[in-house]
Amino acid sequence: MTALAAPPTNASLGRTVRSEWVKLSSIRSTWWTALAMVVLGAGFTTIISGIAAGDIASGKSHDSPGEYITQGLIFSQISAVVIGALVVTSEYGTGMIRATLAATPVRSRVLAAKAIVVSGFLFVVGVVTAFLGYFGGNAFFRSERVGISLGDEHMLRSMFGAGLYMAGLGLLAGAIGLLVRHTAAAISIVLALVFIIGQVVQLIPGTVGEWVMKLMPGNAGPGIVVPVSFGDNMLSPWTGFAVFVGEIALLGLAGLALFQKRDA
Amino acid sequence: MIRAQGLTKTYDGKNAVNGIDFTVEPGRVTGFLGPNGAGKSTTMRMILGLDAPTKGSVTVNGHRYASSPAPLREVGALLEAHAVHPGRSARNHLRWLAASNGIPTTRVGEVLELVGLDSVAAQRAGRFSLGMGQRLGIAAALIGDPPVVMLDEPVNGLDPEGVRWVRSLARQLADDGKTVFVSSHLMSEMALMADHLIVIGRGTILADSPLQDFMAEHASAYVRVKAPRSTDVEALLVGRGLDVTRVDDELRVQGLDAPAIGELIGGHGLFLHELTLVRSSLEDAFMELTADSVEYHARTEVAA
Ligand SMILES: Nc1ncnc2c1ncn2[C@@H]1O[C@H](COP(=O)(O)OP(=O)(O)OP(=O)(O)O)[C@@H](O)[C@H]1O
Ligand SMILES: [Mg+2]
Chain A
1026 MTALAAPPTN ASLGRTVRSE WVKLSSIRST WWTALAMVVL GAGFTTIISG
1076 IAAGDIASGK SHDSPGEYIT QGLIFSQISA VVIGALVVTS EYGTGMIRAT
1126 LAATPVRSRV LAAKAIVVSG FLFVVGVVTA FLGYFGGNAF FRSERVGISL
1176 GDEHMLRSMF GAGLYMAGLG LLAGAIGLLV RHTAAAISIV LALVFIIGQV
1226 VQLIPGTVGE WVMKLMPGNA GPGIVVPVSF GDNMLSPWTG FAVFVGEIAL
1276 LGLAGLALFQ KRDA
Chain B
29 MIRAQGLTKT YDGKNAVNGI DFTVEPGRVT GFLGPNGAGK STTMRMILGL
79 DAPTKGSVTV NGHRYASSPA PLREVGALLE AHAVHPGRSA RNHLRWLAAS
129 NGIPTTRVGE VLELVGLDSV AAQRAGRFSL GMGQRLGIAA ALIGDPPVVM
179 LDEPVNGLDP EGVRWVRSLA RQLADDGKTV FVSSHLMSEM ALMADHLIVI
229 GRGTILADSP LQDFMAEHAS AYVRVKAPRS TDVEALLVGR GLDVTRVDDE
279 LRVQGLDAPA IGELIGGHGL FLHELTLVRS SLEDAFMELT ADSVEYHART
329 EVAA
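Chains as they are written, first to last, in my numbering: chain A, 1026 to 1289; chain B, 29 to 332.
Bound conformation, chain B alone:
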């Protein structure tokens, strides 16, 4: 369990993390979602005691991370920057980690096998591809078989098979009753991986709810209606108090489900060419939610 209270980090007078409160519960995958620069990595560094909070506090399993005599046995973390010396082999990287926390060396071989790096364990980490480096980072996070696992953008650089592997690993860890905290800036990824979502934007929590609730609340739906006599159809639907938006030759209707809309139109002797329930994607929901809090906007329009 991870608990943050009023957690704040200020860099050069600017709040990277702005008084956030949240709890990450065991037994489920909690997604930590936010656009670039939202404060995800900063929050994770504060959890590990690497960066000191400007204000507030964060505890892991009820105490400060730094007060643990063998922290790798309590929290395993994959950090954003590859914290690996390029001249050291994967095995030796895991060996020094194991030694530092009194973890038996036999565990090194186990985690290497678990992440599929056993055949390249003797190779220098500097030669590793992005994906192999990511796997080594995950091996390092799991070396102490910790009850809390924290992964900062774990699927970065992974191929589809690797992405699926991380997803099932997170699931398995949560099913084993562990606390799993995974950051990402991709809603689509979180939709597949997380049970619970904490959305952060510009250092502030924007949403903290089960994934299902988040989807129900934010992923809006409408019924697309296409009909030859669309003005008559529109008048009919509006007359019934429904919310209708016209986009080109289609009508977007909210307030009634698709079968009822179809019956209503058919009952008035009008023809239908299309009747479809359209769910806006979670990605859209996320974009909408964080629109005001995106730190770095790409310029898509050319100035007039």
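Next up, chain A with everything else stripped away, as it sits in the complex:
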């Protein structure tokens, strides 16, 4: 047996990040879920664009192609939530959290590494999804001579914004996962927040309802994904995203506080 080199004398975030990446990438479901994110996102964008292209070209619809070119990403949100939640909750489900914390006892470092790995991964997959959707959908718009270019206003923001938003959603799900420590609960809560509660709050009458809706994470966050906003009842893209990041940070800090305090 080879003798090990002297142990490192200082702990490093880099080692924890590498370790978390080995964890994330060595689970098959990570790759299936990421594939679902790409296929659903790019696929639906292509289909929806294909359906809309004719009407836009003939003038029957007054929408702009930009309203459609990232639409499929609505479905990709599910994958981001699943991956983000699992990074935290699968460790509780399997008892692996104890091995993780025995290997890296500084809990804030464990969370930082998880956040870096999951957000980096989702950013890349989100951007790939957005670009593939653009190429697929724009093929239809171009054939109807209403194509859009990546150089058009907001297009690049939208492509990379898709990655940022998916990364944010994953972090949001991970933070909720820290609070509830249960996979199904964490995923359900975040999906309900994004898909249901975000819409239901419209029913609150008056400007209160209007504001609550604007501020909901699933409404504030994705503004940076769409190049041409389809509603005017939204925060401006970067303002919305800042609100979204703030919400993630609050939940993340609450999760960190609990994580530091609770027995593993």
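Please keep in mind that the hints were generated in silico from the structure rather than gathered at the bench.
There could be a bad hint or two in this list.
Each pair of labels, with its calculated beta carbon distance range [said to hold, decoys possible]: (1) S85/B with T1232/A: 28 to 38 Å; (2) T38/B with F1220/A: 39 to 49 Å; (3) D49/B with A1274/A: 37 to 47 Å; (4) Q33/B with A1031/A: 28 to 38 Å.
Cβ atoms here follow ideal geometry from the backbone N, Cα and C, with glycine treated the same way.
Based on the hints, put chain B with the ligands in the right spot on chain A.
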């Protein structure tokens, strides 16, 4: 070396571990013995900083576990719950552990070979049998080649060959000068594995002594005497101040060794049918010691 001082853990107002002090020394196998619910796993989790002590402290190699920059290089632990993701292969499980503590990946193959899992290293851990899972846990404990090895119920789920393997592994680690701390609820297992015993019951230390001393102190012995004229024999022995208990047709004698008892009886012209030294097993000793501190008694009698 592991040192606990006044270590206490309270869950919901109930003391799982109750102000215990102990030291686990290097170069020997220290058995941590106690019935179910005695507080063994809780103590081990506190050693690893997974559960925070309610009071008191515990250090490994002179400092808190959590203050080590690469703790897997200092302490390797097999925990009770299989801390493995079922969808990850054995090799990848060890890879992330290695990466987290700056341990070279070559070590992964070494420990896989050491525990005999090299041929199934690519299989998902979820498919592993109980025994294979246990071996993977032991591989994980050894990945950093640590001077302190802590195993919580390592023989659980192992077949006889596996049990023997764990025993010789513990021995070898101790012979290499490592600190080896092994928990079990089986006295018989500890009798074969440990050099030193720490017995815990209901969160309190009941004994802390070398195995030999523990055996001498707790495993009582008596001489079984069977004789045709047993009442005369009994009277004779009692007359000599010996401690005699009658159980059916046998006499259990304490206070003199077997040859002396035989000579005494023969010297009085009485016949003997049996003269045997009986050692009560360590298991009995352990049962006796922990009788008051067993958390969960099985009901063996039917209510009258
Ligand atoms: N997380 C927890 N919350 C509440 N009570 C707990 C917790 N962990 C342990 N306990 C209680 O603490 C006591 C000691 O449990 P522990 O698991 O340490 O015992 P053990 O000696 O390892 O037993 P076993 O031989 O069954 O593994 C038990 O009464 C148990 O119910
Ligand atoms: Mg236990």
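Okay, the hints, checked on the actual structure:
{"no.": "1", "hint": "S85/B with T1232/A: 28 to 38 Å", "result": "56 Å, violated"}
{"no.": "2", "hint": "T38/B with F1220/A: 39 to 49 Å", "result": "43 Å, holds"}
{"no.": "3", "hint": "D49/B with A1274/A: 37 to 47 Å", "result": "44 Å, holds"}
{"no.": "4", "hint": "Q33/B with A1031/A: 28 to 38 Å", "result": "30 Å, holds"}
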